Amino acid sequence: GPVMIIWFLTLGVMGLMHISDDPGIVHAINPIFAVQFLLTHGMIGLVILGAVFLAVTGGEALYADLGHFGRKPIQAAWFYFVLPCLLLNYFGQGALVLAHPEAIENPFYRMVPESVLVPLICLATAATVIASQAVITGAFSLVRQAIQLGLLPRFEVRYTSETHAGQIYLPRVNMMLLIGVLLLVGLFRTSSNLASAYGIAVSTTMVCDGLMCFVVIWKLWNWRAATAAALIVPLVIVDLTFLTANLLKLLQGAWVPVLFGILMAGLVWTWRRGTVILINKTRRTEVPLADLIKSLEKRPPHIVKGTAIFLTSDPAYVPTALLHNLKHNKVLHEHNVILTIHTAETPRVDVADRVRMEKISDKFSTVRLTFGFMESPNVPKALAIARKLGWQFDIMSTSFFVSRRSLKPSAQSGMPLWQDHLFIAMSRSANDATDYFQIPTGRVVEVGTQVTI
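Under the UniProt record's numbering, the very last position in the sequence shown is 453; numbers go up by exactly one each time.
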């Protein structure tokens, strides 16, 4: 925080020092000049638009942290501090170039005397490192939310703070970022070359945000479609103009984020498609829980003391681990809990809505735990809430039964063979459910099954 405050203050002071070189630069705040330039210069105007878009990139990070800071602090920081400092700096650079055309080679560093050049470079480097940290933590948050929403397999999540649940570290994502950065540096060599790749991702994101915002305003806020369109369409047109300008740089390096986006979409599509096929395939062999309870009442197996918790995705059907426990061990616990973990479409869930319990027979109960997609699913802590609701159990004398599937490719899976192998590889790379849900490892019993997909 303090470093970034010093950075933006420095930017503002640097610009303020040079506006006097050509005071007419302040007329650039009028957007009419930009519109006239685009209309009169044709393709050149579009190319220029793709270049100046780099001044806009980074703005999307403002609302990316909306969940951490809230709307008012972000608005205040932007309008009262960051935006004025940036405008002053850009005005100063423009005035410097108009007065001294030779400064076009490096207008930013030409704004200061050589005696303060080294401290400015150090400050710029520190600001760059801090900005990169924001990108890294943002990647961690996005991946965790994607995992919670079932878009990606479970990755290892390490929590680095006892007081802030949002402070997390994902080792695998961190390694992927490192490899990606090294590849980009080796591929593009210079920041000017990399500038061609930077912009198309942000402009595409802005177009998608505009379209999704229209859906939210229309469907969730219940505005009339025409009213929502009147608000959003002008913004989308501006975003599409920027996107078109950035597409001109496709062969100069913009293909890199496009390729990365295609690869990520392919991974998400494969995981979602494979998960649905796997659920449908196992559903055909599953037994309804109500039928099993009736069967056990007629032919009761040997009853052992204690509580068994069976993790499953659908409480209406018998978990695979329960079936195998009855089949091979021929025993049933005194108390059996069918536990499902649900991810809500909201960032967080109130504690009052965390646990839902239902007793379906003398020996069987169902428990549904709900977490927001930004929350860390901690089963023991959630079950502690269930104790307050009257469920008497000791977690250290309770056994958790988890099914572990061994997947094999099949020609009749519904997916191409390459996608089968990709899904299986993603499944094998997934973090263990025991660790992900923070269940005590000493209380877990894993039951393995083999499934063709």
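Source of the hints: derived by calculation from the structure; they are not laboratory data. Please note that a few of the clues may not be correct.
Said to hold, decoys possible - Think about it this way: if two alpha-carbon atoms lie no more than 25 Å apart in a straight line, the pair counts; the simulated PhoX-like pairs of lysine-lysine are:
#1 K363 to K298
#2 K388 to K408
#3 K294 to K359
#4 K298 to K330
#5 K298 to K359
#6 K408 to K305
#7 K381 to K408
Claimed, not checked - Cβ pair distances, simulated, as ranges:
#8 T452 to T128: 47 to 55 Å
#9 A77 to K359: 35 to 43 Å
#10 L250 to S20: 52 to 60 Å
#11 W221 to P301: 35 to 43 Å
#12 V26 to E114: 23 to 31 Å
#13 F393 to W221: 40 to 48 Å
Being a predicted model, the structure only gives us computed values, none of them experimental. Note that CB positions come from ideal geometry on N, CA and C, so glycine has one too.
Cross-check of the supplied hints:
no.: 1; hint: K363 to K298; result: 14 Å, holds
no.: 2; hint: K388 to K408; result: 43 Å, violated
no.: 3; hint: K294 to K359; result: 15 Å, holds
no.: 4; hint: K298 to K330; result: 15 Å, holds
no.: 5; hint: K298 to K359; result: 19 Å, holds
no.: 6; hint: K408 to K305; result: 37 Å, violated
no.: 7; hint: K381 to K408; result: 35 Å, violated
no.: 8; hint: T452 to T128: 47 to 55 Å; result: 50 Å, holds
no.: 9; hint: A77 to K359: 35 to 43 Å; result: 51 Å, violated
no.: 10; hint: L250 to S20: 52 to 60 Å; result: 41 Å, violated
no.: 11; hint: W221 to P301: 35 to 43 Å; result: 54 Å, violated
no.: 12; hint: V26 to E114: 23 to 31 Å; result: 28 Å, holds
no.: 13; hint: F393 to W221: 40 to 48 Å; result: 43 Å, holds
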